[in-house]
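Fit the two chains together into the complex; they arrive one by one in their own frames, and the hints show the way.
One-letter residues, chain by chain:
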Amino acid sequence: MDELSSMTIAEARDRLRARDVTSREITEACLSEIESASALNAVVTSTPDKALEMADAADAALAAGDAPALAGIPLGVKDVFCTEGVRSQAASAILEDFTPTYESTVTAKLWDAGAVHLGKLNMDEFAMGSSTEHTCYGACVSPWRRAGDTAPITAGGSSGGSAAAVAAGLCLGATGTDTGGSIRQPAAFTGTTGIKPTYGRCSRWGIIAYASSLDQAGPIARSVRDCAILLGAMAGHDPKDSTSADLAVPDFEAALTEDLRGKRIGLPKEYGEGLGAEMQATWDKGAEMLRDAGAEVVEISLPHTKYALPAYYIIAPAEASSNLARYDGVRYGYRAELAQGDGIVEMYERTRAEGFGKEVQRRVLVGAYVLSAGYYDAYYLRAQRVRTLIKRDFEAAFEGVDAILAPATPGPAFGLGEMEGDPVQMYLQDVFTVTLNLAGLPGLSVPVTLASNGLPLGLQIIGKAWDEAGILGVGHALEARAGFTAKPERWW
Amino acid sequence: MTALAYTEPAPKVIAGLKDDWELVIGMEVHAQVASKSKLFSGASTAFGAEPNSNVSLVDAAMPGMLPVINEFCVEQAVRTGLGLKAEINLRSVFDRKNYFYPDLPQGYQISQYKHPVVGEGEVLVDMEPGVGRRVRIERIHLEQDAGKSIHDMDPAMSFVDLNRTGVALMEIVSRPDIRGPEEAAEYVRKLRQILRYLGTCDGNMQEGSLRADVNVSVCRRGAYEKYRETGDFSHLGTRCEIKNMNSMRFIQQAIEFEARRQIAIIEDGGTVDQETRLYDPVKGETRSMRSKEEAHDYRYFPDPDLLPLEFSQAWVDGIGASLPELPDDKKARFVKDYGVTEYDASVLTADVEHADFFEAVAKGRDGKQAANWVINELFGRLNKESTPVSESPVSAAQLGGVIDLIAKGDISGKIAKDLFEILWTEGGDPAEVVEARGMKQVTDTGAIEAAVDEVLAANPDKVEQAKAKPSMAGWFVGQVMKATQGKANPQAVQALVKQKLGVE
Numbered sequence: 001m002d003e004l005s006s007m008t009i010a011e012a013r014d015r016l017r018a019r020d021v022t023s024r025e026i027t028e029a030c031l032s033e034i035e036s037a038s039a040l041n042a043v044v045t046s047t048p049d050k051a052l053e054m055a056d057a058a059d060a061a062l063a064a065g066d067a068p069a070l071a072g073i074p075l076g077v078k079d080v081f082c083t084e085g086v087r088s089q090a091a092s093a094i095l096e097d098f099t100p101t102y103e104s105t106v107t108a109k110l111w112d113a114g115a116v117h118l119g120k121l122n123m124d125e126f127a128m129g130s131s132t133e134h135t136c137y138g139a140c141v142s143p144w145r146r147a148g149d150t151a152p153i154t155a156g157g158s159s160g161g162s163a164a165a166v167a168a169g170l171c172l173g174a175t176g177t178d179t180g181g182s183i184r185q186p187a188a189f190t191g192t193t194g195i196k197p198t199y200g201r202c203s204r205w206g207i208i209a210y211a212s213s214l215d216q217a218g219p220i221a222r223s224v225r226d227c228a229i230l231l232g233a234m235a236g237h238d239p240k241d242s243t244s245a246d247l248a249v250p251d252f253e254a255a256l257t258e259d260l261r262g263k264r265i266g267l268p269k270e271y272g273e274g275l276g277a278e279m280q281a282t283w284d285k286g287a288e289m290l291r292d293a294g295a296e297v298v299e300i301s302l303p304h305t306k307y308a309l310p311a312y313y314i315i316a317p318a319e320a321s322s323n324l325a326r327y328d329g330v331r332y333g334y335r336a337e338l339a340q341g342d343g344i345v346e347m348y349e350r351t352r353a354e355g356f357g358k359e360v361q362r363r364v365l366v367g368a369y370v371l372s373a374g375y376y377d378a379y380y381l382r383a384q385r386v387r388t389l390i391k392r393d394f395e396a397a398f399e400g401v402d403a404i405l406a407p408a409t410p411g412p413a414f415g416l417g418e419m420e421g422d423p424v425q426m427y428l429q430d431v432f433t434v435t436l437n438l439a440g441l442p443g444l445s446v447p448v449t450l451a452s453n454g455l456p457l458g459l460q461i462i463g464k465a466w467d468e469a470g471i472l473g474v475g476h477a478l479e480a481r482a483g484f485t486a487k488p489e490r491w492w
Numbered sequence: 001m002t003a004l005a006y007t008e009p010a011p012k013v014i015a016g017l018k019d020d021w022e023l024v025i026g027m028e029v030h031a032q033v034a035s036k037s038k039l040f041s042g043a044s045t046a047f048g049a050e051p052n053s054n055v056s057l058v059d060a061a062m063p064g065m066l067p068v069i070n071e072f073c074v075e076q077a078v079r080t081g082l083g084l085k086a087e088i089n090l091r092s093v094f095d096r097k098n099y100f101y102p103d104l105p106q107g108y109q110i111s112q113y114k115h116p117v118v119g120e121g122e123v124l125v126d127m128e129p130g131v132g133r134r135v136r137i138e139r140i141h142l143e144q145d146a147g148k149s150i151h152d153m154d155p156a157m158s159f160v161d162l163n164r165t166g167v168a169l170m171e172i173v174s175r176p177d178i179r180g181p182e183e184a185a186e187y188v189r190k191l192r193q194i195l196r197y198l199g200t201c202d203g204n205m206q207e208g209s210l211r212a213d214v215n216v217s218v219c220r221r222g223a224y225e226k227y228r229e230t231g232d233f234s235h236l237g238t239r240c241e242i243k244n245m246n247s248m249r250f251i252q253q254a255i256e257f258e259a260r261r262q263i264a265i266i267e268d269g270g271t272v273d274q275e276t277r278l279y280d281p282v283k284g285e286t287r288s289m290r291s292k293e294e295a296h297d298y299r300y301f302p303d304p305d306l307l308p309l310e311f312s313q314a315w316v317d318g319i320g321a322s323l324p325e326l327p328d329d330k331k332a333r334f335v336k337d338y339g340v341t342e343y344d345a346s347v348l349t350a351d352v353e354h355a356d357f358f359e360a361v362a363k364g365r366d367g368k369q370a371a372n373w374v375i376n377e378l379f380g381r382l383n384k385e386s387t388p389v390s391e392s393p394v395s396a397a398q399l400g401g402v403i404d405l406i407a408k409g410d411i412s413g414k415i416a417k418d419l420f421e422i423l424w425t426e427g428g429d430p431a432e433v434v435e436a437r438g439m440k441q442v443t444d445t446g447a448i449e450a451a452v453d454e455v456l457a458a459n460p461d462k463v464e465q466a467k468a469k470p471s472m473a474g475w476f477v478g479q480v481m482k483a484t485q486g487k488a489n490p491q492a493v494q495a496l497v498k499q500k501l502g503v504e
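Quick note, the sequences are listed as chains P and H, same order. All residue numbers for the first sequence refer to the working numbering, where the first residue is 1 and numbers rise by one. All residue numbers for the second sequence refer to the working numbering, where the first residue is 1 and numbers rise by one.
Since the hints were derived computationally from the structure, they do not count as laboratory data. Be aware that one or more of the hints could be misleading.
Stated by the list, open to error - Straight-line Cα separation of at most 27 Å, DSS-like style, residue types lysine-lysine; simulated pairs: (1) P:240 to H:97; (2) P:240 to H:36; (3) H:482 to H:500; (4) P:391 to H:114; (5) H:114 to P:240; (6) H:482 to P:358; (7) H:440 to H:482.
So here's chain H without its partners, still in its complex pose (with noise of 0.2 Å):
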């Protein structure tokens, strides 16, 4: 496999009143893992269910509960870290992490602190063709969600769901290499097809599957490469941890806002505190949630209820060599064997369901032309729509089949439109439509050239004016086109033409 090549795409630039400024982000995206059951109970994770029921007694944290781990998430995690092309550890441990909530049942949320289930690995941010951000991913770790507090449905209690509690979460945690707000948004945009084609996690940001905390900070040019060569952090400026987002068009907001706060303190003379922010989008601004001083202890000690988590490279191997054909690599393939553009191949890669579609229409065809049907007529109707590709009224079959039926000259491109608005429609095999509805293309030269002559003979004075303009031969094929009910092969259709007119 060949990859494709990439530049680095230059960093957001803010211009101060005084400098010019760069922006530093670092992100740390909580996933849900995919999986039916919590990561260390056997209560279902499925969505939109009546408020606490699903929550078992380990959810609850009744006396005396222990948690058990579900070997299945701990393979999800795996499988998202080879997918990030990054080192799995061997063996890693679960901690607690302490702290009250009346959404924390124990008390404490299981996570792992020290030592996380997967190392270092690298995200390829591509941003526009031949240009991706290589973003460093420090680790991945496995812990517990926590439940909801609703605060608005009485004037005086709070109440507690407990649905989400306990149901399993991948933090992947970048290194600060993000270097702009539209980064961060396509960051997250590729971890989640990542994650979809993995099927490690739904990628649903609505339902909360995916959401990001946003660690933002400004420096000057130049700190950040200084920031790069010596690993040390104080070339960096202080930074702020916007939580809990789950929009890409808020996450820009949020870091755009963000920045320029920071840059507008620094400016002032002042410096930028370190602490835990939220983002309001109806306002457009972060504000503070709590300081570095207010920040929690959490006394992270290794979880006595639970064994470290431990296996085999074999195992791992196991996991790897199930491992789908990722984003890059596809999107890399489709270049090099359809012959689509590297924008092209971005497009028919954004999903699996998209790419397979694409792959069954391409497969002994023309891949250029494939792409343009799949990409313009059959994903935009889709998209216009808001059809699932999985739904999609024309299959890849009947669309293959309309591509053949211009491929054999059996219908033109205009034609080819019709019949796939047919299919849409109404369906049919596209070939017995063509057939039942007489929409094959008419190459027989005989019938054209009566048709032409018709056409003539019907308007000897524009077949005057023809002769001594021949651009409007143009319009003699449009006519003859109208009157063939646009089957005659407009080739055919313009020699004839230009020849009877005498013109070249």
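For reference, chain P alone in the conformation it holds in the complex (with noise of 0.2 Å):
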């Protein structure tokens, strides 16, 4: 790994505000990387020109001492994102070659901080799945390895790309997205480190939707502090989403801190039923750190805990279905080749049942069937209610601590085509995360330890909604006294 590529943000910025190196060094470092590393499948377009040319104007703004926050840092981009003028098909063969003509918020917003941009991450199509191996691009492999066997792991999902990429130092930091875990759960299986925000956050606008009202963007970097500087570029209020909240953004680099006297941290009781044995000695060594860095660690209950996986797996589909009905053939992306005296019909039928992958096909099937007239009470409406209790839930457990500590998976990264054929285990990946997105809440990610195989181990911190700086604080802190430096050993 080329030093340059694999530098912490804060690090970078440093050197390039002390003029120490300069973006395009750094960027130059970074597209070699992506150039080398083809088997990882991380980067699914790479763009060198751009790149380069961003880099040369961060340089100037650098040279000229008025460089924005993010000047120089090259940064890469789920696939999720539209960019203008290059292309976003949220790995989908529906979209295919779709180009847009417009720049999501978040990503303007990071081009605007004077980010580099180096290209477009792989991802799970249309960001439904926990493994990066349902895209048309191909399946993303983790650049981590079980100890002594060369199978390939997946890097998670849905954001396995940007948690590939920046374990394997191919960019300095990238964005993701997460509606049932795809930003936490790709960074505990990589070693990185990833934020969900709280829901309103981030403008949407322009994010390709799975589920709008889960939906939301994040960053997975190399550091707590790296996830803070890039939130805070990426947040905001934006008057196009009308889903998005009107209050100002902190300063949550300010809010970092070693220190947690005085805090109280929740461990939910139910997050440990049928865990297994090296999971449950990673989250009682992060409480043991916590508890080392000062806070009070106390048991909580989260009791419709259960509940939450299913009634995500109802309210995600459900919205993913309509918010897939767009994908027609009529106005843009695939249209299938139709035969002679084919109609409308035929043309959706077939454009739709080409362009769009099988585990998409699924959900949007799912979420037709809960939506559906005789099912949307039994189905959806229950699962709105099970999503107000499992609210509720939170807020009755934030009564009484500051933020809670709970794995981020059940265990670390499985080989790719190991879920294959059985997608509720797959589902059951995000035990742990969805929770939050049901309940908007923010997590973070950090990676602790090794699992016995070689593998990283993360825990997630889960905070009170708009509180994003209270469990950065708690993740640096947790960080800190981790220690976990380990790096994927090259063999890509």
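In structure tokens, the structure reads:
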């Protein structure tokens, strides 16, 4: 791994400002790493010309002394973000070669802050999946391997490309989106750090929708501090997204602390039910570290936790079935070849059958089913009630604690293809993450240790609504004590 | 304000071969909200633009685009609700109505399903003086219009124009309180009138700003009253919905046809299928579009891209305070203040421009005379020449001047019509025109007497006849008026003629 492309954002920022290194040098290092990392299949569209142009502009601004916060920092962008003039297809064949004429609010904010656009990153199609195997670009491969084994491992999903690229040193940070865990789970699988902010913190405008009431953008990076820096640039009210909150964005970086004295951290007992010994031990270790930082750690209860996953797998597909109706072959993207005499119905059927992957089709079907007459009350309406109960669980819990510590995933990353044929097993990957999306709360995934098989394990810190600063503080303290410095051994 | 009293009209009865049948009609009127931009995007709503020129990224449902509510459209819906004396829901929700069609880019229409912005209201459908039907409004909700699919431009291809896509519509849903084809047409007319008064819809049916879906069923005598007592729809017949009607005449024809079709089926021992039908104005018949079984399952659910619509009572009250005087009130006031007949008041209040014109003329003058002149001369002429009142060649001030000249006795009614003609074609100040053209009525008895004497002297034989037959006096009056070019005061002429002939 190139030293320049493996820096943290904080480090790069300081060195850029010290004129010790140029953005062009860092950007070229990243581009060269991307070039040699095709085996990972993390970057699906590289934009070297754009990147170098932006790097030079950043260098000029740095030289002039009026550089914005992220000046010269090269980033990767999940393919789900629409980027002007750059292919953006959410890893779906149905958006074949779709090149937007517009830039998503979140990426526009990053470029405004001086960041450099390296290219687009692999993901599960329309952000549906936990392994970045369901993608029109082919599966993304984690830079990590099990100790003594060459079998390909998943980087998680759906933001698997983002996590792999950050872990492998292809970029300094990356954007992700998290609908049911799609930032936190890949971060945990790859030894990187990722935060899903409070629903409404980042604008969804220009992000290809999966489930509108759950989707949130956030960063994946190499440290809690880097997440704080990136989130500060990505967040903020957007009048173009009615669900974005009209709230000031705090200085997240300033909130970082290693001192948790006076803080109460909750451990939800329901999350321990059926948890593997290794993950349980990691969780216990994390709790100990927080105690060590001065926090009081207490057991709490989130009684409706077990209903979260089924509720999520009703609400998310329901919204998806409607959000994905626009991909019909009429205006843009893929349109199936039609035979003589075929009409509009054949065009829809063939286009969507050929354009959508299996997992997307599965969720669209489930979603249409749970919304249909006669089933709506039993599924969708009931799931919404569960959602309310889960929100209340958290509200009650947060009356007694400042943050919650929980596992990010049931265990370390699994091998590619291992979950094939059992979608429910795959869905169970999201068991600790979906609850936050249902409640709209922020969650931060921090790498803590390596499992016995040599793969990273992460913990998740859950906060009150709008308290990203609080969980970044707790995460920073955890990170400092965990001292996780492991890097994947280069094989690609 | 004293409201006018109304009695309910009798329902339309159609005699079948075996029985008498009554009609029961409910309507869903889609009224395009008068707004420069669309319901959830900033694109223009201008009619007649080049195809696909008024289309934003949101309207075209590009990936990642999000709707943002146009608050003015919400205000217009609330204003409409208040105008229909309806309850305003301070919290309402936008839902997605899911179905596939090429002119529906999102694959769903954003509408309001369970929680509409406006609740129950009422429309008085005045059929004739003293007779009116109170039609209950069930709800009004806001929704997006679809685009236009064009299937007849190419043998193999269909074309789509998205200009209309996302334009704000108010769907105004009535209860099944309309009881005949004429009432249905009058209902739409009245609704249109109120919307235009409010400025919330331009009511242009040709441009599609106002369309109606008409639900028609038939029942035997007495059944409808049972429904009203119990609220139980099973007392009514199975309804068919006739979609997308944009002409009052077609609405009447379609209902008439549809009712007779249903009666024939029932009397033949069959049952009416609940279905959606289309009216073919060329053949004058309705035909099945889709059956209940083929009906879409729209999979409604709350749109997660939009927050619920919430507003305060104070905001609603503010809109209420800015409402203009509405047709029913204006009509009652015209009857009361100007002494015009209810019929004339209806004509005068058909729309705001006409009513304002009348009031400008009637102010400080005799209301009935003003109404006569405005309705018969001015509106008649405008109508004949298809000129809108806003472009009337004769202004309210001019017409008022004409009436003033009559009242002063300066001109007769007959001369006034000539004067009106001059004002219409050439313009000018009425008093000045009368002066300049010597049209002033001769009231000087000396001059009139001279004219009378002259006519009598020229017709000695007729004088003799007239003395025997007093009704001949009229002939002399006519001759004198002719000799004075109509300027002589006719009453004075008549009196003098009779006096000189010695007849009474």
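Honestly, which of those hints from before does the structure not fit? Of the numbered hints, just 6 does not hold.
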